[in-house]
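Start from the sequences and build out the full structure, keeping to the hints where you can.
Here the first sequence stands for residues -17 to 396, where the numbers follow our numbering.
There may be inaccurate statements among the hints.
As the list claims (entries may be wrong) - 25 Å max Cα-Cα, derived DSS-like pairs, lysine-lysine: (1) K(-16) - K59; (2) K127 - K(-2); (3) K213 - K185.
Just so you know, the hints here were simulated from the structure itself, not pulled from any lab data.
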Amino acid sequence: MKQSQYFFKTSKAAPKDDVSVNARLLEQAGFIHKEMAGIYSYLPLGWRVLQKIENIIREEMNTIGAQEIFMPALQPKENWQATGRWDNLDVLFKVKSVHDNEFALGPTHEEIVTPLAKGIVSSYRDLPLAVYQIQTKFRDEARAKSGLMRGREFRMKDLYSFHANAEDLAEYYKVVAASYKKIFERLGVPALYTEASGGTFSKYSHEFQVETPNGEDTVYVCGSCSLAVNKEIYADDKVCTDCGSKDYRETKASEVGNIFELNTKYSDSFNLNYRAEDGSQQPVLMGCFGIGSSRIMGVIVEQHHDGAGIIWPEAVSPFKVHLVALAGKDEAVLEQANRLYSDLLAAGVEVLYDDRTEVSAGEKFADSDLLGIPYRLIISSKTMAENSAEIKYRKTPEAQIVPLNQIIEKFSNA
RNA sequence: CGGGAACUGGCUCAAUUGGCUAGAGCACUCGGUUUGGGACCGAGAGGUUCCGGGUUCGAGUCCCGGGUUCCCGACCA
-17 MKQSQYFFKT SKAAPKDDVS VNARLLEQAG FIHKEMAGIY SYLPLGWRVL QKIENIIREE
43 MNTIGAQEIF MPALQPKENW QATGRWDNLD VLFKVKSVHD NEFALGPTHE EIVTPLAKGI
103 VSSYRDLPLA VYQIQTKFRD EARAKSGLMR GREFRMKDLY SFHANAEDLA EYYKVVAASY
163 KKIFERLGVP ALYTEASGGT FSKYSHEFQV ETPNGEDTVY VCGSCSLAVN KEIYADDKVC
223 TDCGSKDYRE TKASEVGNIF ELNTKYSDSF NLNYRAEDGS QQPVLMGCFG IGSSRIMGVI
283 VEQHHDGAGI IWPEAVSPFK VHLVALAGKD EAVLEQANRL YSDLLAAGVE VLYDDRTEVS
343 AGEKFADSDL LGIPYRLIIS SKTMAENSAE IKYRKTPEAQ IVPLNQIIEK FSNA
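Right, here's the structure in full:
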């Protein structure tokens, strides 16, 4: 993509109010734009990052046999009344049309997926099943805050599983937990497996917490095995359920995933039953497993930045390479940069090309640091004299001169 | 939902005790200069000072009401 035509603009001044690192850097660098408190537009750069995050999640969901579906954000009032949440869920958006029809704007999708499964599941032979979606969620938070960390409209992957018995549900719960661990590692934000309350559905749940000073949660991390406990259920005499240690340290963290055994909570509300082998009717057991993909984008920035800007992990960077032409009025330099850009595109390398001719070198470097793409390729009259390009790494001060004929090979497969 | 702070051009800010035609930088347009760490000169365009009321000869500034945003807390399937 040529930067001169790309739908974004960096700003020299940070946004006035936003103090959180992710809000400040993502807005200043032109990845997102705030529309209201907790509600953002994603510009091409930000949208690419979100897509990368969600594609990694998608790959891992598919790997554990979950099937992708897509459910509506606008949902029938009756379903929410059936579970009692029309009146009891304090973050629910209720919308009314000009015809006075009322709907819920989905904060989560148990009220859709459970009746949906009724049409599919009728026998033990149909179980187990797992479906997921990646969707925009709506929750009227009392206080939206910290950029993408807590929004009123946000992105989430939600997985729902259906089982014939508790053992099968417990088994899948472990499979998902292992999958989540891998996902957060791939995303560059390793998460603490954290014991938490089960809310209204179950005795317990597990959260995936990423340590960050800006996190909303307080967790206690076992010093010997790193199993964590959320403050909400932590006791002073807590003994680690995994290794028996009593040695805990306190830390701030942000919840990026949460997994629950719903058991028959929603099956009961919607009479989701199956016929067992002995001919009896039995309630289906359910699990629900969430990952906040837009929050993760914020958490990644909170963890990966420096004074000059963002430092994207390669797996989620909007582009792999930032090609910067320092051409000025030197047509030959510009031509060489253009040629390298074409070659990189032809080789399938994701490249953002700073082709702007009216912008000083210093400004280009400052913008490049702010954007945080892992590899910067510089073409200038200096590199041209050596028939080479300079590679500068975003996360280290290091730079190297590489002959032009080796550039494509270097980036096309690594 | 409680407390605090803020709101002036697309962005960041200024405007003396209530006083003249609301200024500057960034960004933008035109011309020129410049190109390895946020260059410069000249010209130009861009405003319902969050909204509504009030006080006053006169309100960006003072008063009342409302809104929005950020921060702290409470809340948080």
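We went through each hint and held it up to the structure:
1. Proximity of K(-16) to K59 is assessed by CA-CA distance (about 47 Å); at most 25 Å being required, the pair is judged violated.
2. Distance check on the hinted pair: K127 and K(-2) sit about 15 Å apart at the alpha-carbon level, within 25 Å; holds.
3. With a C-alpha separation of about 16 Å, the suggested pairing of K213 with K185 holds against the 25 Å cut-off.
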